[in-house]
Amino acid sequence: ALDQGAYTCEAINVKGRVLATPDCIVRIVNIPAPESQQRTHCNVVGSISPVPDHTGRCQCKALVVGLQCDSCARGAYHLHEKAEQGCLKCFCFGITDQCQSSKWYRTKVSFDKKY
Numbered sequence: 004a005l006d007q008g009a010y011t012c013e014a015i016n017v018k019g020r021v022l023a024t025p026d027c028i029v030r031i032v033n034i035p036a037p038e039s040q041q042r043t044h045c046n047v048v049g050s051i052s053p054v055p056d057h058t059g060r061c062q063c064k065a066l067v068v069g070l071q072c073d074s075c076a077r078g079a080y081h082l083h084e085k086a087e088q089g090c091l092k093c094f095c096f097g098i099t100d101q102c103q104s105s106k107w108y109r110t111k112v113s114f115d116k117k118y
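Counted the way the working numbering counts, the sequence shown spans residues 4 to 118.
Since the hints were derived computationally from the structure, they do not count as laboratory data. Every value quoted in this text rests on a predicted model; they were computed, and no experiment measured them. A couple of the hints might just be wrong.
[As the list claims (entries may be wrong)] Below, simulated PhoX-like cross-link-like pairs (lysine-lysine); rule was C-alpha separation at most 25 Å, straight line:
1) 64 <-> 92
2) 85 <-> 64
3) 106 <-> 85
4) 85 <-> 111
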């Protein structure tokens, strides 16, 4: 984000950092917080805890990967809160270990005996 304009404050606080400026036209650019101040939120479905551990890393469930535990590992699919390991193992009869969720579903269709 870029903001240019006249500021009369002697100090501008930018995310914990103070830029001291005399009365003048200043140019403010977005300064990201130091890495230690950035909070990573772990995916609540794919991680053991919604907050990172003491090293700053998310602890993923068994079949989940990613910095925020938001993707299924190879050989798994369908990241879901009811899956104990975060995702479901592929069950493709040994043909492949690459699978993905589908929007298709199975349902029972009953026909009237009149037809």
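Against the structure, the hints:
1. 64 <-> 92: 13 Å, holds
2. 85 <-> 64: 12 Å, holds
3. 106 <-> 85: The given pair, whose Cα atoms are some 18 Å apart, holds under the 25 Å limit.
4. 85 <-> 111: Between residue 85 and residue 111 the Cα gap is close to 23 Å, so the pair holds against 25 Å.
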